[in-house]
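Engineer: Here is how the chains run, residue by residue.
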Amino acid sequence: MIPFQMRPDEILNEARSFNEKLAKGVANLMEVGEIPSGVTPREPVYKEDKMVLYRYQGAEGAKNKTPVLVVYALVNRPYMTDLQENRSTIRGLLESGQDVYLIDWGYPDAADRYLTMDDYINGYLDRCVDVICARHGIDKLSILGICQGGTFSLCYTAMHQDKVRNLVAMVTPVDFKTPDNMLSHWVQNVDIDLLVDTQGNIPGEMLNWTFLNLKPYQLMAQKYLGVVDMMHDPTALKNFMRMEKWIFDSPDQAGETFRQFIKDFFQQNKLLKGDVQIGEYRVNLRDIKCPVLNVFAEQDHLVPPDASRALKGAIGSKDYTELSFPGGHIGIYVSGKAQKTIPPAIGEWLNAH
Amino acid sequence: MSTNANSWNESLINDWMATQKQYWETWSDFARKAGALGGNNGQSAGNPFAAFAPFAQNPFAQNPFAQNPFAQNPFAQNPFAANPFAQFAAGNNPFAGMLDQWWSAMQPKAGGELGTIAQRFYDMGKNFMSMAEGLFGASGQEHPEAAMDMWMSSMQAALQQWIAQIQNNMDLITPDLPGVSGTTLSTWAQLADSVAPWLNMSQNFLKDVAEGHLPGGIEMPGIGAAQEQFCRALSVPGLGYTREQQERVQELARHLLSYHDALRAYKLAFAKTALSSLGSVQKRLRALHEAGDKIESLRALYDMWVDASEEAYAEFAMSDEYQVVYGDLVNALMLVRRDMNELSEQHYRLLNIPTRSEIDTMQHRQQENRRETRMLRREIAELRAQLDKQSRPAPAARAARAKQPERAGTTDEVDQDLTQIKGIGPKMMEKLYEQGIRNFRQLASMNTQFAEQLDEVLKSQGRILREDWIGQAKKLRG
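Those sequence lines, one after another, are chains A and B. Quick note: the first sequence uses the numbering used here, first residue 241, plus one each step. Quick note: the second sequence uses the numbering used here, first residue 2, plus one each step.
Mixed in with the good hints there might be a few duds.
Simulated pairs of lysine-lysine, DSBU-like, Cα-Cα distance not exceeding 35 Å [said to hold, decoys possible]:
id : chain 1 : residue 1 : chain 2 : residue 2
1  : A       : 287       : B       : 390
2  : B       : 390       : B       : 475
3  : A       : 380       : B       : 428
If we take Cβ atoms under 10 Å as the criterion, some of the chain A residues that face chain B in the derived model are [unchecked claim]:
id : residue
4  : 356
5  : 367
6  : 463
7  : 481
Hint data in this document are derived by calculation from the structure and do not stem from the laboratory. From the three backbone atoms N, C-alpha and C, an ideal C-beta is built for every residue, glycine too.
So here's chain A without its partners, still in its complex pose (with noise of 0.2 Å):
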């Protein structure tokens, strides 16, 4: 017995109004113009190979007397952080009045499948915290890591202790087997090895669908339903654009830094166990000392909170604050609750710190 309780007619009518919507709102698409890759104006400040560094403007005068570095994950592009004027995390930390700096990957062609966790990390990471610091004649500055860029704050951290003065750790996965982890889950059996000697570097639009196949159902059907009623509205239209292009926008992958992080943080979840070899260094979270901020999302579907939480404790510093916001890995940074309560919070705690 199906329970629905539909007359013809409304059928029609559900479908013709769906229809309209879809006609108009499709048009409305085709209006939309050129969406930027950010928002605030700032300015490269260092750039190699294919990274650049870029600060933030409006940042001169900034009450916060020590810098603060944004590192986002190799996997799709920052401007999640500064989508649009008044969804931008960016934006908020300059009104807080941190200086902000931001470091972007940029895209890796095959010449940079070579590229490892030691290049990023204790190579072009440590670089710019270098020109930084020499810009500002200061020893030390505060990092900000997002998702895998926060699992590389770490680890940096670990290792470079005396350059570090607090640590910001945005939806960051420090264990990554913990029983809800869908990716962890899906990469235990495949031969990373394998595949990286055979596909040399990952190709973006690869790990893009895996993670839309996390919730296809939700990301790749109803979505777009839920879009069409408010397709009329071109400011709407263009703020799910802004999002859209941000979802499609991904770098692949350098090969060697993909089987390391795959190997030794999924596959075997070393970090934990302080069994991280990078370069000439062995990474111990418990040489993390600094005060350290631990930002993470409820219900977020990518890194979970509990590969989050597993933080506390596992580092030798004892100022650790938790941070959790009732939203979504991408909510946290866009959603307008998120934009009024964590750029503060963060700004807050980085000003009291």
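Mind docking chain B on chain A? Use the hints.
Structural biologist: Frame of chain A, contents of chain B only:
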């Protein structure tokens, strides 16, 4: 307007016609805009729809219900056609079919990124319209609820049929979740594209093997026997000059077989999940029914469907079985790709064309060199800074020394007046000092590469080499 939900009458048909008119007008209006946007000469393009006169071709302009396949027995023929979400149902579906016509006119005009996005809306719209169509058909029945039940069970039957096909190695369908395109398997299928001709060939070949036909006209009775025989044949050691080539091809064939096995296992697991997601939908429907609740819109039904399916899918995706079939599939595909790469490389080598693995070797070495260069530069900078600290005399001592006549080249630790070199003024000397270059000996010992790098740092536009500072320094060093 009819108050009897189960009967079709004149006014309803009129409403339907009005819907269509409005529908087409909106699309046409949009297509006009798209035409003006897309072409250099939007005016002459006119109405792109004029070309295919939608109303003339619209099968519903006459009697929409006569041709509605659902009005008769929607489930008798192709069970997949009744699946409201099925990608391959399109053919006779008027709701989704209209999107098709619009799309074919619209597609060439929506290029690039926007086209991709529009495509996603189109895919989703088609699925949603298919569902609407299914319900529309069912609601026209004498007993809509029975029709709905039938609709569900027909989907179930279709999936079961598909499972049977997979088990017999007979299916040729790439599975997708009902209502979603671009799921995991199609993701990997993109990677498989590069070896597609081989996969297709082996697919047909495997069908033969599965049916008991071996190459060379040998017939083997019984499923499985032929495959076993074939695998054994693939293990025969290669002989003679082309031995290596033979062995590689044999290996490729073995890996193709494993890939198809892995694919079959994956499809099977996938199809079973689709089946269980139907069960999950039914469970929710039952719960609603028992609670006395009703679903009152297409959208509500769709959302319920999504929730139920997502739940069933998540359970599957987190199962041990999925971990195994997913990994096996990826690994098997990679083995095939690796074999293919090796075979092509062998070919290229014969033609003396550079290969991927040679480039890899070069890139690997280059990356190691770059790493080493970075490290050395850093070390040099550190050493220089140390030297600098040691060599910098106290301000008083420096002032005293300035009065003394220069004694060129005695030691590394003296500051010398570099302005004696033609081309170096006081400002440039200061810049050189900042870089730790403080005397003629240091300048003289520079090699060309270092000079070029220094030139870049000083922004001196090639003057170091052009004005031969190194040569001048050598002379002044004495």
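Engineer: Are the Cα atoms of residue 380 of chain A and residue 428 of chain B separated by 35 Å or less?
Structural biologist: holds (32 Å)
Engineer: Against chain B, run the beta carbon of residue 463 of chain A and see if the smallest gap drops under 10 Å.
Structural biologist: Holds, about 8 Å.
Engineer: Taken at face value, is the distance from the CA of residue 475 of chain B to the CA of residue 390 of chain B at most 35 Å?
Structural biologist: holds (25 Å)
Engineer: May I ask you to test the interface hint for residue 367 of chain A with respect to chain B, counting a Cβ-Cβ separation under 10 Å as satisfied?
Structural biologist: holds (8 Å)
Engineer: Is the interface hint for residue 481 of chain A satisfied, with its Cβ closer than 10 Å to some Cβ of chain B?
Structural biologist: The hint holds - residue 481 of chain A has a Cβ within 10 Å of chain B, the shortest such distance being about 7 Å.
Engineer: Minimum Cβ distance from residue 356 of chain A to chain B below 10 Å?
Structural biologist: holds (8 Å)
Engineer: For a C-alpha distance cap of 35 Å, please report whether residue 287 of chain A and residue 390 of chain B respect it.
Structural biologist: The hint holds at about 29 Å.
Of the hints listed earlier, there is not a single one the structure fails to meet.
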